[in-house]
Amino acid sequence: MSQTNANPAENEKSLAPPHVLSLTPLNSHPSNTALVELIDNDKDSPLLADTQLLSRVLITVVEHQTSEPVKQTINKLLNGEDPQQTIQAILPTLNHQQRKNLIRACGLFAQVFNIAEDMHHERRRLAHEQDESASKSSFAHVIDELKAQGIDSDELQAQLDDTFISAVLTAHPTEVQRQTILSLRRQIRALLEQYHTAIGYQRHRIEQQLEATLLSQWQTNETRHFKITVKDEIDNGIAYFDLSFFEALPSLYRKLDYQLKERFPDTDMPNLLNIGGWIGGDRDGNPFVSSDTLRYAFKRQAATVFYFYRDQLGKLYQELPLSIRHVKVSDGVLALSEQSKEDNISREEEPYRRAIGFISSRLVATSHTFDLSYGCRFGLSEPYADCDEFLDDLYVVYQSLVDNGSELLANERLTDIIRAVEVFGFYLMPLDLRQFSGIHAETVHDLFKHADLEDYLSLSESARQRVLLRELATARPLYNPYITYEPQTQRELEIFQAAADIKNRFGDKAITQSIISNAEQVSDLLALALLLKESGLLLVKDGVPVSRINIVPLFETIEALQNSTRIMSELLDKPWYKSVLASRDNLQEIMLGYSDSNKDGGYVTSQWSLYQAEIQLVEMAEKYGIQLRLFHGRGGSVGRGGGPSFEAILAQPEGSVDGQIRITEQGEVITAKYADAGNAERNLETLIAATLKASLLPSHSESPDSDLMNQLSHEAFNCYRALITQPYFIDYFLQTSLVKEIASLNIGSRPASRKSLARIQDLRAIPWVFSWMQNRLMLPAWYGFGTAVEKLIADNPENLAKLQHNAQHSAFMQAMLSNMAQVMAKTDIEIAQAYVELANDATEANAIFALITAEYHRSLKALLTLTNKETLLDDNRTLARSLALRLPYLNALNWLQVALLKQLREATTDEATTDEATTDERSTTETSTNEATSDNEASYTAALNLVHLTINGIAQGLRNTG
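Our numbering applies: residue 1 is where the sequence shown begins, and numbers increase by one.
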């Protein structure tokens, strides 16, 4: 191994007695017995080898980049010593730089073990495929099930043609890692893959490269020193297309088409899956999203997709040097060839190359109409009017190859390009618009005010509906360009006007949804409709409304979910709105909010309210003869609706999927699922397989017992609300969590709350869940469950058997309990208790924590009882193994974090004291006070930076944050 130089440890002033230490890699130390048992079999031997290799290389980096105390501590953690005792003993002796190095070392060990785990998952998946024992969540397995159930080709094709699946990338701030760090991690994974087939010197060389990459990561800032902007988020989201989607989607479609035709020869795989996005169009709670960011998003998306097409056509050009001396060519290809400006004599007999050159010249000319400046060595020709014209030319080439003995060539890169164009168009991915219902209402109010109409905000709900329908019945606009409106009104109208322009330029599918957050009344949907009309996105033709965009309510509180069917039924009873739906192919999309409903009513009530709402909405859609598409606003954590996608889709009520589903993908989940093409392909395949299975196969799961679940939900809700409405609870949360520190972490452009951090209802669901994850309570994913189960059994002992039956036979209950078990396995009450010491009022804080602790033990007991398990993760060996690898470093980071938080809060108190002195004694001590203030600010900033590093490390160790 090489020697890594530039040792910052030389500048550390260690307070511990120095002695020579050699770190040892992961081994079979007695304290690691449980871990060794979890990975001690032939299937997991590659994982063990990878963790040993990465440990050995990382140890070398740590040895050369840190001082003795840090190395001693890492050595103790590697050998299984208690993290709490280890950290509490060493921390007082470390200076700032040593603490920083210790935090970063712990975080890096968790990261590299994550890489090893991800690689192992991929190995096991490939092994399953090679053994033809396809995973139950694979497309091939589901197709086999369909065939076994007697589904014929016509029925399957009809379902495929009517299927629409979308994974929607959002900018929710839960990804703590920089793209730079993610890139280095991908390099490490690529080197690991090469290592397994390398021998001799090649292995030595790869170890050197691994060490160099880890050193590069060590010497790179893991957290941003600047506030991320909306444009940064747009660029980060688009980066995943180059990282994975451009390769994964065509490859996936090719694979699925093959597997489909193997079993159903007369079927074709349509374009039923796309990647969507919110980044650049989601204004809810983010004042930095505007018409400018929306336009920027589409320009960047166009730049990315046109560059990809140009690159692929260049490669296709090299692959099709077919000569007319050896092949026949269609008249269509000859016509394209003749229009080429390429005059190289060597191309005279290569019509395919000339045709592709001409197509390239038209494509690049088209990119110029989108304000791009790409060059083309074939010159510039007439731009394409739209994406369909581009596809027509590609199909001319494809058909000529097929008709003239070159079908094999047609089915290689050209097929992938065609599929890519059909999926990505000229806009890369469609973006949704989203805004808070209250902002829509205020915008309508301002329009009414300047048109000398009613005082909209003072009207009752029925009056609002009346005046909105009155205005929607006429083509006359309210907006007057010669009037100065409120800045917010102007911003809102501008973004809708930008959306109309984007649809005209990029194609109608570039923007198809406008979502109303916190939708609670019929008027919320009508208000959006009016704003669409004012912007030309909804037209009134001969008194009949025609909408160019879907009006999508987001029901996200418990009350809104319970009222969702009533609201939609009332709306659908209005002839005007039925006409709007008719213009949208009678499709009504409805978004369901997992995050806010959980924050509002707790995990059990949120899950049950969502389930009931879906059942009722399906019945409503059948009654009104419309097609329903549900959009699931899920986060990464269980507290925000996260969990395995396959099981989540199959746990939906029967009839609620029916070939139509959209799911949000956000933050760290995007990285985990889509950072490389292999992972992306597997995760997207899972979505397709689950949707197809839920739509066509009869469910073998029993429906949950409604009466039983209503009781369970009621008791869990009361227990949860009793906690969060405690007078001291908000203070407890603010003081014992990291919500304020998370708010200052540069991971997103959106503020942590709509108004302030003083009320739970104003707090965003993401920092709410993120904070509970950091202090290891994970409270949103289980609180109230134990009390509810105890109450039901106490009221009627027979309820125990009923609950256990549901846990075994209901997919809904199984998914809910499985997700709960995964979260409770990461919960650590002992660590969480240390955070209680951060509270200002110890008596009140301990009282709150006593409630939480008691409920945790009740919930754990109830969970094990209902699932007939002795311990958590009995049936999830993969997660148990993963946690065993990471927990020593994760727990160490928590103990570091809580100690640093104490110092941070003390620095804050000192600063406040200094501020008071500055006010009282300004005339006599101004100079010394300013110096003291400067020192305090420096101390606070240094402590905050260390806390940010622990947040980063813990988030990576837990592998989901918000």
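It should be emphasised that the hints constitute simulated quantities derived from the structure, not laboratory data.
Predicted model only: the values in this text are computed from it and were never measured.
Be aware that one or more of the hints could be misleading.
Said to hold, decoys possible - Capping the alpha-carbon separation at 20 Å, the derived lysine-lysine pairs in PhoX-like fashion look like this:
#	residue 1	residue 2
1	K578	K541
2	K299	K100
3	K902	K740
4	K802	K861
5	K578	K623
6	K902	K100
As the list claims (entries may be wrong) - Each pair of labels, with its calculated beta carbon distance range:
#	residue 1	residue 2	range
7	L408	Q488	32 to 42 Å
8	S701	N876	13 to 23 Å
9	L864	L457	25 to 35 Å
10	L457	Y258	37 to 47 Å
11	A385	Q149	40 to 50 Å
By construction, the Cβ of each residue, glycine as well, lies at the ideal position given by its N, Cα and C atoms.
To see whether the hints hold, each was checked on the structure:
| no. | hint | verdict |
| --- | --- | --- |
| 1 | K578 with K541 | holds (15 Å) |
| 2 | K299 with K100 | violated (40 Å) |
| 3 | K902 with K740 | holds (14 Å) |
| 4 | K802 with K861 | holds (17 Å) |
| 5 | K578 with K623 | holds (13 Å) |
| 6 | K902 with K100 | holds (16 Å) |
| 7 | L408 with Q488: 32 to 42 Å | violated (59 Å) |
| 8 | S701 with N876: 13 to 23 Å | holds (19 Å) |
| 9 | L864 with L457: 25 to 35 Å | violated (52 Å) |
| 10 | L457 with Y258: 37 to 47 Å | violated (58 Å) |
| 11 | A385 with Q149: 40 to 50 Å | holds (45 Å) |
Going down the numbered hints, you'll see the structure goes against 2, 7, 9, 10, while the others check out.
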